[in-house]
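Novice: Each protein sequence line maps, in turn, to chains A and B. Just so it is clear: in the first sequence, position 115 is 115 by the numbering used here, and no numbers are missing. Just so it is clear: in the second sequence, position 86 is 871 by the numbering used here, and no numbers are missing.
Honestly, the hints are just simulated from the structure, not real lab data. These figures come from a predicted structure and were not determined experimentally. Heads up, the beta-carbon is just placed ideally off N, CA and C, and yes, glycines get one too. Among the hints, a few may not be true.
As the list claims (entries may be wrong) - Listed next, the in silico PhoX-like pairs over lysine-lysine satisfying Cα-Cα at most 25 Å (straight line):
#  : chain 1 : residue 1 : chain 2 : residue 2
1  : B       : LYS790    : A       : LYS55
2  : B       : LYS1034   : A       : LYS55
3  : B       : LYS827    : A       : LYS708
4  : A       : LYS69     : A       : LYS90
5  : A       : LYS643    : B       : LYS1034
6  : A       : LYS90     : A       : LYS74
7  : B       : LYS1034   : A       : LYS770
8  : A       : LYS651    : A       : LYS420
9  : A       : LYS55     : B       : LYS835
10 : B       : LYS790    : A       : LYS446
What the hints assert, rightly or not - Which chain B residues stay away from chain A? Per the calculated CB distances, all over 10 Å, these:
#  : residue
11 : GLU797
12 : ASP810
13 : ASN869
14 : ILE871
15 : GLU874
16 : ASP881
17 : ASP918
18 : GLU926
19 : ASN933
20 : GLY940
21 : GLY988
22 : SER991
23 : GLY1021
24 : ALA1048
25 : SER1049
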Amino acid sequence: MAGKVGARIKRKEDPRLLTGNGYFSDDIQLPGMLHAAILRSPHAHALIKSINIEKALEAPGVVAIYTGKDLEGKIGRIPSSWLIPGSNLKEAPQYPLAIDRVRYVGDGVVLVIAEDRYGVRDVLDLIEVDYEFLPVSVRQKEAMQENAPLVHDDIENNIAFHWKAGEVPDEEIEEAEVVVRESFNVQRVAPSPIETRAAIGQYNPGNGELTLWCTSQNPHIHRMVLSEVLDISEAKLRVIAPDIGGGFGGKIGVYPDEALIGYAARDLKQPVKWIEERNEHFSAANHGRDEIIDVELAGTRDGKLTAIRVKNTANMGAYLSTFGPGVPTIDFGLMITGAYDIPKAACETFGVYTNTTSTDAYRGAGKPESTYQIERMIDLFAREIGMDPVELRRKNFAKKEDFPFTNAQGLVYDSGDYEKPLNKALEILDYKKLREEQEALRNEGKLVGIGFSTYVELCGFGPSAVAGAIGFQGGVWENATIRVHPSGKVTVFSGTSPHGQGHNTTFSQVVSDKLGIPLEDIEFVFSDTKAVSMGWGTYGSRSVAVGGGAISIAADRIIEKAKKIAAHELETSVEDIEFEDGVFKISGVPGMERKFVDIAKSANYAWNLPEGVEPALEAQAFFDPENFVYPFGTHIVVAEVDKDTGQIELKRYIAVDDVGRVINPLTSEGQVHGGIAQGVGQAMWEGIVYSDQGQLLSGSFMDYTMPKARFFPTIETAFTETLSPVNQLGAKGIGETGTTASIAAVMNAVVDALQPYGVTDVEMPLTPEKIWNIIQTGGENDDTI
Amino acid sequence: MIPSKFDYVRAESVEHVVQLLQDSDGEGKIIAGGHSLLPLMKFRVTEPGKLIDISRIPELKGVRLERDRVIVGAMMTHREVAENPIIKEHIPVLSDAARLVGDIQIRNRGTIGGNIAHGDAVADLPAPALALDANLIISGEDGLDVINIDGFFLGPLITALPENSVVTSISFEIPPSNAKSAYLKYFHPATGYPVVGVAVVLGVNSDGLADYVRIGITGSGDVAYRAKSVEQELIGKPLTEDVITQASKLAADDGDIGSDLFASETYRRNLCSVYTRRAISSLLD
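Using the sequences and the hints, build the whole thing.
Specialist: Next up, the structure:
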């Protein structure tokens, strides 16, 4: 059985999912189940003068209608769970439905419960809400100005928090030989999983238990938060995340809608189902990014970087979402030096309330943005001093011998060898030859660019003491239980919560190698708070590094106990027992052995156990890692711009990632591909657009462009393996590397292609018209685009 | 995305369609493949009280040759149009365009009649239909009628189709034997609709002069249109690079070009020119 870790094994999940046997929220049918719909504000900012539900109450099948006023005092506020210390953070209260004032397009106003799924939607059209418009604040920099309309009356200048880390005195910048300055807009995007959000509540009036199925990446966090919001014992609230069609961060948040469904099911003593509509998802589910990042990068003329100073002005939306405040601060601001040994760094972040949908973690959460700014700045600095961008990177990389490496903001990168993936990627690319070709093509009037991103990412959340120090309202350790049944089959309980990643496959490989049993003998239980005692869910690429770490330790405990039983049966001491490939044997004595299944049976039957050994074969481990993990790598994009139309063709995409031990190259490549598509999506196509009045202009897939397979060349992937010392597997996270690396790689390639026009930046997304305008004006007006 | 309540009835024949439309007091809406209509209904942009399904009427199917024209049944799906041997032989620009509509699921459901009769400014097939001088054969309260495609599109989702009538087939002119054709499309990245789609049918005589030019452009204007200014500029001239470039600059002149979130009017006008130039150039050896 050995050798499963590192093997290309097809996903165990797929036969079930691909044959339509998944069990998603919308597959749940309960006896007497009612259906919910939420009337949402069509206005960005308005007072609710009156709500007329008379006609709606008369509609066929209507069971209940709740307004914000009806629920006052009955459902608590929905809190943020990341309260950044030392930032003067002001958390505005968010109620499950707006009470007297709506603050963004999509803000919940009325909850309707009816017997029929179609009927309940029709009822929304019968409700009359009288609004009085208020002035709006939509864009973060404007919202901070004096006299800007206030989203919350008592929060001055709409500033939710003001956070700082690191110091760079003015003279470090002003007296430097070279200073490069640029401002980047990392635009707002919609996570857009294929499955929208959903919640189903079922209440048992006999024992007072409430079960809530919902599309959560972290059901135990949902239980913890919602038990307070709904004022129900945490021991009587069961949260289950069934199969989930993607999250990308958008399903981390504990939302008002989930509280509403739990409340209604309890109030009506009937099951209630809510399935979010796609256009509803665009306005009511958390968005990602929306940060304006101003950077100053200082260094010497021969290419030694000396200081970086960054200001991030982040649009938080109307309320602080669950992880929202941590993204543009901790996640972003501590990683601004990227893979480079820049001695001085400072970051200042303003979190700003606006009349828009709340923003929260989105694949990579802060790291794509920090990578974007530093990787873009490196290119601009290289251009400024006339150095090859690869050479500048090499010159400033944190050196292999300096690991664990402490960056200027105090983070300790666990392991790294940044030259390794860079060299491999350059070899695949044939860099020197390509630069020559680029020159030749330029002379023919063709615009070809090469873009690099030599990123490092912070993930694998993480040490709980650090989480506490940075204001995270919870722990980030992980929990695993391995239960060995009498037959030798195994059930593993994990506190991580898969929603497309393939935990079942990769964790099976880990357990199979450890216990020497076939993959088919291993089953998993995730995402049910009644079955899994505790856990912190799946985000921040933590499942393998932390959850897998916990499973490894639990497996060791199983082996340790099984060895005692084997030794007893073989009448020898534990020290003489070797365990290899599922067999316990005595060193040097052939034939004296017990198989794993034999011990499973004898442990569970307990007919003949050694003294002091309890029956059964089950072990639990709680793993709190000593550090985060820091995957890294090199992504390279070759892009060609069509001069006549501004269209960009991605000619090549090369990704060499180092994520420590690769558990499964096949699923890892899948993660890299998906991550890249999402990052390139941000760079080239995606973008949530609000009008100046706060109207959502990109509220459907008619206007919001998702990346599609045909937009991409074959993605050329490779891995190098620099093991992490912080978990037993040596593994880092891979879920977000592609997104983290790719945005800058694409943009650097396009800016390189446009070098004849002298532009230093193009605002994302890179729509063909923006590029065409640059070409038309010869780059004159690039700042206005 | 849940539409308002509606009734559904399956029509048995063309006469039945007209009867059902008459009986529905303006509440009736024909559904063929449904790939344009259903999204609008789900957005509640349109809320018809009754859907009249024409998908099982045999007489709306089929392709046949009639002297110098090809007659295509309105219920032919995009896939059927793309693969039909008669169409491929005589009016290949139509199958070329049909092959680029939506994705394979859409091509399996969506129909040529719906694509044209819906009057969507970003439908693909109006471009080749204009370049092939199509006639729409219509059945209505007053029996049969024929409407030429040039003038059929009055505005976004507004056509000259009379009330209570249905497009039963579309008749396309077979271009002269020396003509070549091409459909060139700039895909909207979100929807796959044409931001601009240019259909060109071009004949060059033995002296190397253009003697037959028909150009239909869709996607960029509020309706699809014939680029007659380009046609006039090219006719009788040798197709040098310079002539093509100059003529193509007029590609937007006959359309009413607009702006949206994705592309401004200026940019779209440029795309019309570039795609017209490239479509024409692709036909020259």
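Novice: A separate judgement is required for each hint: does it hold in the structure or not?
Specialist: These are the hints, each one checked on the structure:
For the hint pairing B:LYS790 with A:LYS55, the CA-to-CA distance comes to about 17 Å; that is within 25 Å, so the pair holds. For the hint linking B:LYS1034 to A:LYS55, the alpha-carbon distance of about 57 Å lies beyond 25 Å, and the restraint is violated. At roughly 23 Å between alpha-carbon atoms, B:LYS827 and A:LYS708 fall within 25 Å of each other, so this suggested pair holds. Distance hint between A:LYS69 and A:LYS90 is fulfilled; the C-alpha atoms sit about 24 Å from each other, no more than 25 Å.
Distance hint between A:LYS643 and B:LYS1034 is fulfilled; the C-alpha atoms sit about 16 Å from each other, no more than 25 Å. Distance check on the hinted pair: A:LYS90 and A:LYS74 sit about 24 Å apart at the alpha-carbon level, within 25 Å; holds. The straight-line distance between the Cα atoms of B:LYS1034 and A:LYS770 is roughly 21 Å, inside the 25 Å bound, and the hint therefore holds. The suggested pairing of A:LYS651 with A:LYS420 holds, with an alpha-carbon distance near 24 Å, which does not exceed 25 Å.
At most 25 Å may separate the alpha-carbon atoms for a hinted pair to count; A:LYS55 and B:LYS835 meet this at roughly 24 Å. Distance restraint check for B:LYS790 and A:LYS446: the Cα-Cα separation of roughly 55 Å exceeds the 25 Å cut-off, and the hinted pair is therefore not satisfied. With 10 Å as the threshold on Cβ separation, the claim that B:GLU797 sits away from chain A holds: the shortest Cβ distance comes to roughly 28 Å. Every beta carbon of chain A lies more than 10 Å from that of B:ASP810, the smallest distance being close to 21 Å; the non-interface claim holds.
No beta-carbon of chain A is positioned within 10 Å of the beta-carbon of B:ASN869; the least distance is around 25 Å. Chain A leaves B:ILE871 outside its interface by the beta-carbon criterion, the shortest separation being 30 Å against a cut-off of 10 Å. For B:GLU874, the non-interface assignment is confirmed: its Cβ lies about 29 Å from the closest Cβ of chain A, beyond the 10 Å cut-off. The beta carbon of B:ASP881 sits about 18 Å from the closest Cβ of chain A, which is more than 10 Å, so the claim that it is off the interface holds.
The beta carbon of B:ASP918 is kept farther than 10 Å from every beta carbon of chain A, the shortest such distance being approximately 29 Å. Every Cβ of chain A is farther than 10 Å from the Cβ of B:GLU926; the closest lies at roughly 33 Å, confirming the non-interface assignment. The claim that B:ASN933 lies off the interface holds: its Cβ sits roughly 31 Å from the closest Cβ of chain A, which is beyond the 10 Å cut-off. B:GLY940, annotated as away from the interface, keeps every beta carbon of chain A farther than 10 Å; the closest lies near 19 Å.
In this structure B:GLY988 is separated from chain A by more than 10 Å, as the shortest Cβ-Cβ distance comes to about 26 Å. Look at B:SER991: its CB is around 32 Å from the nearest CB on chain A, clear of 10 Å, so calling it non-interface holds up. Non-interface call for B:GLY1021 relative to chain A: holds, since the shortest CB-CB distance, roughly 27 Å, exceeds 10 Å. Look at B:ALA1048: its CB is around 5 Å from the nearest CB on chain A, not clear of 10 Å, so calling it non-interface is violated.
A cut-off of 10 Å between C-beta atoms contradicts the statement that B:SER1049 is not in contact with chain A; the least separation is 6 Å.
In this structure, the earlier hints numbered 2, 10, 24, 25 are contradicted, and the remaining ones agree with it.
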